[in-house]
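Novice: So the sequences go chain by chain: P, C and X.
Counting from 1, one number per residue, gives the positions in the first sequence under the working numbering.
Counting from 1001, one number per residue, gives the positions in the second sequence under the working numbering.
Counting from 2001, one number per residue, gives the positions in the third sequence under the working numbering.
These aren't lab readings, by the way, just hints derived from the structure by calculation.
Remember, it's a predicted structure, so these values are computed and weren't measured experimentally.
Backbone N, C-alpha and C define an ideal beta-carbon position, used for all residues, glycine too.
Some clues are possibly wrong.
Chain C is faced by these chain P residues, among others (derived, beta-carbon under 7 angstroms) [to be verified]:
id : residue
1  : Gly19
2  : Asp26
3  : Ala195
4  : Met196
5  : Arg279
6  : Gly483
7  : Ala662
8  : Gln669
9  : Cys673
10 : Leu697
11 : Arg698
12 : Arg704
13 : Gln708
Estimated spans, in silico, between C-beta atoms of each pair [unchecked claim]:
id : chain 1 : residue 1 : chain 2 : residue 2 : range
14 : C       : Asn1005   : P       : Ala53     : 27 to 35 angstroms
15 : P       : Leu693    : X       : Arg2242   : 25 to 33 angstroms
16 : X       : Gly2276   : P       : Gly430    : 29 to 37 angstroms
17 : P       : Glu128    : C       : Gly1039   : 46 to 54 angstroms
18 : C       : Gly1039   : P       : Gly437    : 53 to 61 angstroms
19 : P       : Thr440    : X       : Ser2220   : 30 to 38 angstroms
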Amino acid sequence: MHAVGQSVARKEAPNKVTGRARYNGDATPVGTLTAVIVPSRHAHARLRQVDVAPARRMPGVVAVLTGQDADLLCGEVLEDRPPLARGTVRYHGEPVALVIAHGEAEARAAARRVAIDCAPLPLVASVEAAVAPDAPLIHPELGAYKRAQPPVVPKPRTNIADHAKIRRGDPAEGWAASDVTVSGHYTVPQVDHAAMETRSARVEILHDGRVIVQSTTQAPFEVQKLLAQSFHLQQGQVIVDVPLVGGAFGGKAAVQLEVLAYLASRAVNGRPVQLVNSREEDMATSPVGMGLVADVKLGATRDGLLQVAELTFLLDTGAYTDSTPRVARAICSECTGPYRVENVRCDAYTVYTNHTYATAFRGFGHFPLTFAIERTMDRLAATLGMDPVELRRKNLIGPGDRTPTRMMLTRSTLGDPRTCLDRAAALLAGPPVQPTGPHTVRARGLALFWKTSSSPPNAISGALVSFNQDGSVNLSTGTVEVGAGTKTTSAQILAEQLGIDVDQVHIHTHINTKVDPEHWKTVASMSTFMAGRAVMEAAEDAKAQLKSVAAIALKCAPGDLSVGQGRVFLTADPNVSVTVSDVAHGYSYPGGDAVGGQIIGRGSYIMRHLTLLDEETGEGHPGPSFTVGAQGVEIDLDTRTWQYRVVRALTVVDAGRAINPAGARAMLQGGMCMGIGLATREGVLYDRDGQRLNNQLRTYKVMRAGEQPDAYVVELVETPQIDAPFGARALGEHGLLAMPAAVAAAVSHAIGRPVDHLPITPESLWQLSRSAEAAR
Amino acid sequence: MQSTNTGRAEHLLTVNGEQRRVSLRPADTLLSTLRDELGLTGAKPGCENGDCGACTVLVDGVPMKSCLLLTTEFVDQDPPRSVETVEGLDGADVQRQFLQHWAFQCGYCTSGFLMLVEGLRRQQPEANRDERVDWLRSNICRCTSYAELIHAVEAVLGHERGAPRSS
Amino acid sequence: MIPTDFSYWRPETAEEAVAVHQQLADDGQHPVYYAGGTEVVTRTRLGQLTPGAVIDVKAIPEARRLGRDGGRWHVGAALSLADLIHDGSWPLLARVAERVADHTTRSHITLGGNLAGTIAYREAALPFWLADADVATVGPHGRRTARFHDRFDGTLALDPGELVVSLSVPDGVRQQPSYAQKATRLDYVDYPLVTIAALRGAEGQVHVALSGLKPEPFRSAALDAALIGSGSSADRAERAARHLPVTLVQDLHGTGDYRRFVAQTVLADALTALEGH
Ligand SMILES: Cc1cc2nc3c(=O)[nH]c(=O)nc-3n(C[C@H](O)[C@H](O)[C@H](O)COP(=O)(O)OP(=O)(O)OC[C@H]3O[C@@H](n4cnc5c(N)ncnc54)[C@H](O)[C@@H]3O)c2cc1C
Ligand code: FES
Ligand code: FES
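Only chain P is shown next, with the shape it has when bound in the complex (with noise of 0.2 angstroms):
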């Protein structure tokens, strides 16, 4: 019986095919009342009257709430934005009111009538115009604001609202030491998670103190808490659900239509209220990915070798932090790329404008830092008249090196990039750059990455396994099914762990924070390593349980006996044996007497040797263990007209080992079909007075079919983690990650000049190609 390394298809799989998968939005018990959002108009605003008069009476509405009504700052590590805007407005489509009536069209007519009237205060367009000198300040009150979730470094006075570094050896020297310097300016603009669910919640507050809150969340337990501290509850009252979610790629890890769907309910006494985002509002009032410009400058020995690394990073956060300032740091923590570099000295800001907020964005930061890297890098390989693979090849990051945060490495914690970049290599063979017709070329272009979770040093994990009369398993952890198919990578390692078939083994694809275990956050790509340990030990703890029951009616000792296809049997003889079912709920003696009890099997599991990142040098250690990859694209673009086309796309990945081959796979292929479309149209647009201009998939570009390539190529390379369960790594972000960096290589190889601001649109190469002819 082996469950894991099987291509098992996902449990909830059939619901999904025949429409019967429930999502948040699917079940709208009837009396609910809804509310929606009203936003500003303006980018920046001093916000004078909010008149809701009109709009209260309107037919059906029951409330309208507006800042006045809602006296407390949200944040995940500062606590810096108001859930409805109270004296300014920062980003255009920015929370202003809510109104709650008894259906969505009586909310949606009665919106309109808000009344906002507001001055503009001067809008601080870029990160660049907001860290210039003079520059308007978005958040004069920034050195008040509480630190929930430190280390968080504010500038207060500036629109800086985060420092972080990395202090690593002696950049001087290494300047010293280098006969060839690069440097590079990078820019990737904000994007969209575009989910194809939008974000929604529900709350409703019972007359017992129970808070029940449904919602589309990758957080339950961080919803609980927030909404616990934020409202002054026990943790216990706070209730969360959450069924299947329609994709998230960490837009769905910010806290926001929660705290808003309570003060709705709050308002109502109580009556359940829901929240749902059109895709208007999913774009432009929610949560974005961060936007990033990066100087990146190298220096390295005439044969290639790297000595020194310099990088300046502004993130580009828009209105308020959220996680923006852990995504700074994870960014410090991986800076240099997978290679070896002595001396390293790396700021990232997380600066304010007058953007939609950023959030999580599939990745955590590093496509926009891998993009910068690698650019960089080959920037070098040209200076050098050096292969780009080569270089690379030559400045490998290997066990027993360290990390920018001096996190020391082993062949467990980095797996084998060297493999990966070798057979990326070879599947991409060619050259970089040759004539397909009279102006058609065909490109090749490479890239590398690296990431580890950068999550909590204390995140924790666990499960719950009881059986059945039948013999047949329940598991319970605290995931969320958000697409990756965690909920099944859980059932397939129990299954694999109780030596039984996967269908044997029930889960139930909702969470409730009340029956199950905690699990930090569906993010990061960590639940299979870190729910896989927990229900590892589950199992172990339950298989334990049912051998001391096992032994008494087999008359031996428990570690005489073994747990393997619904049986506990004697090791040396597996023909004696009871099954499962005859001790799971206690072993009744032929007179119908019993002992033992219901066997339940608890795991946990918490991050070990974790540590924050030091304030001032960067060092610590960022997390368990590293997925590290080789991707590259093969395009064809047309000189004449600038299109161009993603034919051919590849990962080689050290994947630890794959609980789940074709998951895994489809994962990584999704992954790099979403990092195609990073790189060649991705990117929120805003216009002159900070308005979002594309809040709309008709305007908001993503992947459709026939623009993928022709051929998508993944190769896993198994070097396992050894604390990891099976030995598998962190996959979930990792598909898209240098994607973008190898499509920018591609391009600059076919157009001959180097491409550092995506998306890269025909448009942008036929401005490059126009500034080359007017340099000439």
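Based on these hints, arrange chains C and X with the ligands on the given structure of chain P.
Specialist: For chains C and X with the ligands alone, coordinates are given in the frame of chain P:
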């Protein structure tokens, strides 16, 4: 001339071969009627703007975006107009092929894609590769790489040649 | 979810439609004709439109006609783009229509809605603009058939309450050599940077109409004239491009300068395709 006044009224709508009594306003979209009145929540709102296709259903066998349709157009018709949703697919090949080919992850786009591909199978079973892709462009999937969906379509239409391949 | 309310009307003749439109307008109902609904539904959802009544024109038989009559080919305004593509008997129209929106949405969007809509690309108008088309309407003042040219200058000049019933082109136009291309920022399904429709006349002269450059479709006799003469396609396209409007649309899809570049490229492509050099 048929007309329906503002305000709520009861009408007959044929969905998945069953006559259903629905209460609706003329301004109700088919998507909201299916979901909120009939509890057929397979069709999903992804944009309510015609862009994503998550709400796709078959109307007289043709894929349509139910967020763009007024229910009123389809009620009380003789002969009745036929609306089919994913709930009406019962063990169809397209469902099997989606399962086989890992054509979904989160599953939110799946009902829409299933109905789109079922429509393709019925309307244009001989569609060539370009035509198949052109149909698929109507919907968005944010999770998969589209290769999986294309493989599923190939399997449904029963010709596997000339297709993008993944390894 | 459409937050506001309206009444729904489904007339069976054009006259009935116009009469009910007038009646509702007089009652202050702000009626709109409703065809594919892709604009009416989405704009009403967003509050950009607040009709008190919608008049569905899809049950009017003559607005769904398709076929030859009296030496002309007639096409009903309430036919969907998918219908026109499926018919395929005018390749230019089919090719232009094929690139509007996406496959499913083309089963919604109607010819009339595309010509009369607020979303101003109006790509389906391009072939008719080139083809000596007539447009048949019914308005408060009765029936009228006019040259498309005289009523369309990028925008269809309709009287309030006037309904487009059908369009027609000389039958032979459908066999004339033609060319269509849609250039977008990058995505296949997107609004155009430039959509070009080109038709080659009996005497070899190429006429073009373009969408995406100005807020509405654009054509110019001077531009067409510049396409004639000696020189390569690229040279003539460059000359012709000088007759493009001075300011071109500048938006999230592309800058005006880039649109000019793209327009020149598609002009050259059109000439090459239609002349073979
Ligand atoms: C997903 C999507 C993608 C799109 N992409 C494109 C694109 O690429 N290119 C493009 O050009 N457009 C595009 N559009 C816009 C779409 O083409 C327009 O909305 C279309 O013009 C509307 O046609 P309809 O039949 O749906 O019109 P409706 O919404 O029914 O009506 C539109 C307007 O026309 C009026 N009208 C309709 N029929 C008549 C008639 N017979 N006589 C007089 N007035 C009439 C209506 O009163 C209304 O004001 C897209 C729309 C969607 C939803
Ligand atoms: S919800 Fe209908 S197309 Fe997106
Ligand atoms: S499976 Fe998630 S959007 Fe398609």
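Novice: Closer than 7 angstroms between Cβ atoms is the bar; does P/Gln708 clear it against chain C? Give me holds or violated.
Specialist: This interface hint holds because 4 angstroms falls under the 7 angstroms limit.
Novice: Between P/Leu693 and X/Arg2242, is the Cβ distance one that fits in 25 to 33 angstroms?
Specialist: 30 angstroms, holds
Novice: Would you settle whether the hint for P/Cys673 is holds or violated, based on the nearest Cβ-Cβ distance to chain C being less than 7 angstroms?
Specialist: Result: holds, 4 angstroms to nearest chain C Cβ.
Novice: Just to be careful: measuring from the Cβ of P/Gly483 to every Cβ in chain C, is the smallest value less than 7 angstroms?
Specialist: 3 angstroms, holds
Novice: Would you say the C-beta atoms of P/Glu128 and C/Gly1039 sit inside 46 to 54 angstroms of each other?
Specialist: This hint holds: roughly 52 angstroms between Cβ atoms.
Novice: Holds or violated: the hint that P/Arg279 contacts chain C, with Cβ atoms closer than 7 angstroms.
Specialist: Constraint on P/Arg279 satisfied, holds at 4 angstroms.
Novice: Is the interface hint for P/Gln669 satisfied, with its Cβ closer than 7 angstroms to some Cβ of chain C?
Specialist: The hint holds - P/Gln669 has a Cβ within 7 angstroms of chain C, the shortest such distance being about 4 angstroms.
Novice: Given P/Ala662 as an interface hint, is its Cβ closer than 7 angstroms to any Cβ of chain C?
Specialist: 6 angstroms, holds
Novice: Should the interface hint for P/Ala195 be scored as holding, given a Cβ-Cβ cut-off of 7 angstroms against chain C?
Specialist: Check passed: Cβ of P/Ala195 comes within 6 angstroms of chain C, closer than 7 angstroms.
Novice: So, P/Gly19 near chain C? Judge it on the closest CB pair being under 7 angstroms.
Specialist: 2 angstroms, holds
Novice: For the hint on P/Asp26, does the least C-beta distance to chain C fall short of 7 angstroms?
Specialist: 4 angstroms, holds
Novice: Is it true that the C-beta distance of X/Gly2276 to P/Gly430 lies inside 29 to 37 angstroms, as the hint says?
Specialist: 35 angstroms, holds
The structure is consistent with each of the numbered hints, conforming to all of them.
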